[in-house]
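Top to bottom, those sequences are chains F and A. If you read the first sequence in this note's numbering, its first letter stands for residue 1, the second for the next number, and so on. If you read the second sequence in this note's numbering, its first letter stands for residue 1, the second for the next number, and so on.
Misleading hints may appear alongside valid ones.
Beyond 10 angstroms from chain A on every Cβ pair, some chain F residues (computed) [what the hints assert, rightly or not]:
1. 16
2. 118
3. 220
4. 293
5. 305
6. 559
To give a feel for the contact side, a few chain A residues facing chain F, derived at Cβ under 7 angstroms [as the list claims (entries may be wrong)]:
7. 15
8. 88
9. 90
10. 99
Label pairs and their in silico Cβ distance ranges [claimed, not checked]:
11. F:262 x A:97: 20 to 30 angstroms
12. A:19 x F:536: 49 to 59 angstroms
13. A:15 x F:177: 41 to 51 angstroms
14. A:70 x F:127: 52 to 62 angstroms
15. F:83 x A:15: 38 to 48 angstroms
16. F:290 x A:23: 24 to 34 angstroms
17. A:23 x F:427: 33 to 43 angstroms
18. A:70 x F:522: 21 to 31 angstroms
19. F:218 x A:58: 49 to 59 angstroms
Since the hints were made in silico from the structure, they are not lab data. All residues carry an ideal CB built from backbone N, CA and C; glycine is no exception.
One-letter residues, chain by chain:
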Amino acid sequence: MNAVYTLIIGFAAIYLGYSFYAKNIHKNIMKPDDKKATPAKMYMDGVDFSPANRNVLFGYQFKSIAALGPITGPIVAVQWGWLPALIWIIVGTFFIGWVQDYTSIMLGVREEGQSFGALSYRFISPRSRSILLTFIYFYLLLIMAAFGKIVGYDLMTNPAVPLGVLLVISIGLLAGQMTYKWKMDIIMTSIVTVVLAFVGIWLGTLPAVQSLFSSINGAVVSTAADGTKTTTYALVFGSVTRPQFIWSLVTLIICYFGAVLPIWRWAQPINYVAFWIVFLGILAGTIGLLIWHPAFPSDFPAFTNWSGNLCAAADCSGIETKPPALGFLWPILFVTIACGAVSGWHSLVSSSGTARQLEKESDSLYVGGGAMFLEMFLAILSLLTAVVGVGVTKGFAGYVNMIAAGKNAGVFAVGLSEMMAKIGVPTSFGLPYGSVFLTLMGLTIMYLVVRFMRVASAEFLGDKVSLFKNTTFGTLVALLISALLIYTGFWARIWVLFGGANQLMASLALLLATLWLMTNGKKYMWTFIPFIFMFVTTIAALLMTAYNLLKQVLTTPDLPIDKVIGNWLAGFIAIYLVIAAVILAWDAIKALMRLRTQVPVKAN
Amino acid sequence: MPALSFNENRFFIPDMTLKQTLSNTVKAIADILYGASIYEMVRDLHKERSHLEHLFILIVFGDLLGIPVLPPYYTLRLLPFVVPNISGWKRNMLRERDLTDLCDQEIT
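With the hints as extra help, turn the sequences into a complete structure.
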């Protein structure tokens, strides 16, 4: 199959899903009424509640939902072959993804802009709000671990990347200074800082800079008798190597500044500069792919095997650390690709952010559904970076080697650089560019997460332990817990847990939508069936992951100490999530039964 | 606080000339880029400003919410400036909140 056909299939799915299925539900079930005042108009305060143009909101919603999730998930899921991943991305978005995002916005709009915490309290049970908050906290912690490992273990350990990242961060700070202190024009600021950022990334690729960072990493290159070179690194503790230790620590320090400094000084201007790097990278990659239009490589299997075991599908004899099997296709695939098909975080952004800015009810489908369908396109593009970007140039064996080396995000960087090469960007620049792009995506999310965790701990524990109200203390605690999981966790399992916590939030959002539809006497099977599917799948995935984690720690002799700690921690998080989800299910059944048996109140 | 633009901007409306269609499309793409890049900065600044304003009103007119504040002479002098913001301020201060209110940022 040609890569362009995949994009055409994606566009066809977007057209059919948006124009027929989604519009039909929008018109005939939700029945938007533009004469009704939305919360944005009714409670307008110019801040949280403030009407905005539908196109502006579309851009805002898309940026809020699309980050590393839709990029990394499909690359990992290709371990079952590209076909199952592609089918889930399309079918998941078609029947569940947009449904969840759209109904979350409509719920927020119809329920006076209430947040999901308040809606869970009302529609399910008082304790479901607390359960949702714990899902959010663990979700954030798992993001820190999963993204922290991608950035600190994978991307930043490449000696061509760190200088570019550090310079782009400095240029982001300059952007803040130019905008807020020197009051310079935003267009001028954007042009100057983006050009400087490109120069910064290029500087990082110079041989002298790379050799400097290689020496910092402590790389030892040895040449075998047959001439093959291998690079090894000293271990700091357990199985953690020196570059992994150093760059994870640097990542956490960057997160510290992002979490304690005023938002306009650090997080916001860096995010702004990073946005242009990401946007231009995706644009260049898409154009390059269209010009290139390669066929899928014949050795890249559409389906490998049910257990996602790469070594059963390819020759792993030359690989020292064999990539473990991910697990059975159902349920693990469906949490491995969360963002890109369906993601619970979207429902929170939709209800707390977008629903309060919607000018008209009829805009909800374009903003909520449209942004989700566009994210599906991003996920397909990411899948293609692995299948054709890496597959055509390095073959299936190249993909297997990168996954075995823990270079999941690296697959995207390599694939994107190959696509950009078709419009004249040399891969010697494109590869570090792709890595810096992903690192910035990860970092911009991570310091927002630490900010969030700090506020959460101050809110939960501030009254009991007043120290948690202190910004620095709250941030350090969040970073310490994150560091523990980054240095000890096993990435593939952490990623599944992260997807699991995310999909549990998605289940909760779909459940809330179902209860709301039932309460209002509307058809509800289009949210109820996705809820059942997501809930059962996620519980099964979490149980299987917990079993694998605990089995590994109990049965593997001589497991490094970091992996022992990490497996126990991750295993307990998985078990906690399952218990909380079962309590939630019990309350949900009671709420559903209450609504089914409720006798309508008769008017006197 | 200035409200953001309200004008609707659809790509294709029947009977529209090619020039209008193109100009609408360019405007829509510009709006989408604005929404994905600068809009969040604008929101953050509005939030920052509203926090300060709300704090100020709380200090001067806290008794409107039942918080005893000594009624100084300046309160009456400031009243005309604060009146337009009082209803929004009250709603904002008394609105029930939890952590999910903070979830309007890019995290996934």
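Tested hints:
1. Listed as outside the interface, residue 16 (chain F) is consistent with that label: its C-beta sits roughly 19 angstroms from the nearest C-beta of chain A, beyond the 10 angstroms cut-off.
2. Some Cβ of chain A comes within 10 angstroms of the Cβ of residue 118 (chain F); the nearest lies about 6 angstroms off, and the non-interface call is violated.
3. With a least CB separation of 38 angstroms from chain A, residue 220 (chain F) remains clear of the 10 angstroms interface cut-off, as annotated.
4. The beta carbon of residue 293 (chain F) sits about 24 angstroms from the closest Cβ of chain A, which is more than 10 angstroms, so the claim that it is off the interface holds.
5. Here residue 305 (chain F) stays apart from chain A, with its beta-carbon at least about 29 angstroms from theirs, past the 10 angstroms limit.
6. No beta-carbon of chain A comes within 10 angstroms of the beta-carbon of residue 559 (chain F); the shortest separation is about 31 angstroms.
7. Restraint check, residue 15 (chain A) versus chain F: the minimum CB separation of about 21 angstroms is more than 7 angstroms; hint violated.
8. With a cut of 7 angstroms, the hint placing residue 88 (chain A) at the interface with chain F holds, because the nearest CB-to-CB distance is about 4 angstroms.
9. With its C-beta approaching chain F no nearer than about 10 angstroms, residue 90 (chain A) sits outside the 7 angstroms limit, and its interface hint is violated.
10. The criterion of a C-beta within 7 angstroms of any C-beta in chain F is met by residue 99 (chain A), whose closest approach is roughly 6 angstroms, and the hint holds.
11. Distance hint for residue 262 (chain F) and residue 97 (chain A): a CB-CB separation of about 21 angstroms, consistent with the stated range 20 to 30 angstroms.
12. Between residue 19 (chain A) and residue 536 (chain F), the C-beta spacing of about 54 angstroms keeps the proposed range 49 to 59 angstroms intact.
13. Between residue 15 (chain A) and residue 177 (chain F) the beta carbon distance is about 49 angstroms. The supplied range of 41 to 51 angstroms therefore holds.
14. Between residue 70 (chain A) and residue 127 (chain F), the C-beta spacing of about 42 angstroms breaks the proposed range 52 to 62 angstroms.
15. The given range of 38 to 48 angstroms is respected by residue 83 (chain F) and residue 15 (chain A), whose C-beta atoms sit roughly 45 angstroms from each other.
16. Between residue 290 (chain F) and residue 23 (chain A) the beta carbons are some 26 angstroms apart, a value that agrees with the proposed interval 24 to 34 angstroms.
17. Hint check: residue 23 (chain A) to residue 427 (chain F), Cβ distance near 39 angstroms, so the stated range 33 to 43 angstroms holds.
18. The supplied range of 21 to 31 angstroms is broken by residue 70 (chain A) and residue 522 (chain F), whose beta-carbon atoms lie about 53 angstroms from each other.
19. A C-beta distance of roughly 55 angstroms is found between residue 218 (chain F) and residue 58 (chain A), which places it inside the suggested range of 49 to 59 angstroms.
Comparing the model with each numbered hint stated earlier shows that hints 2, 7, 9, 14, 18 do not hold.
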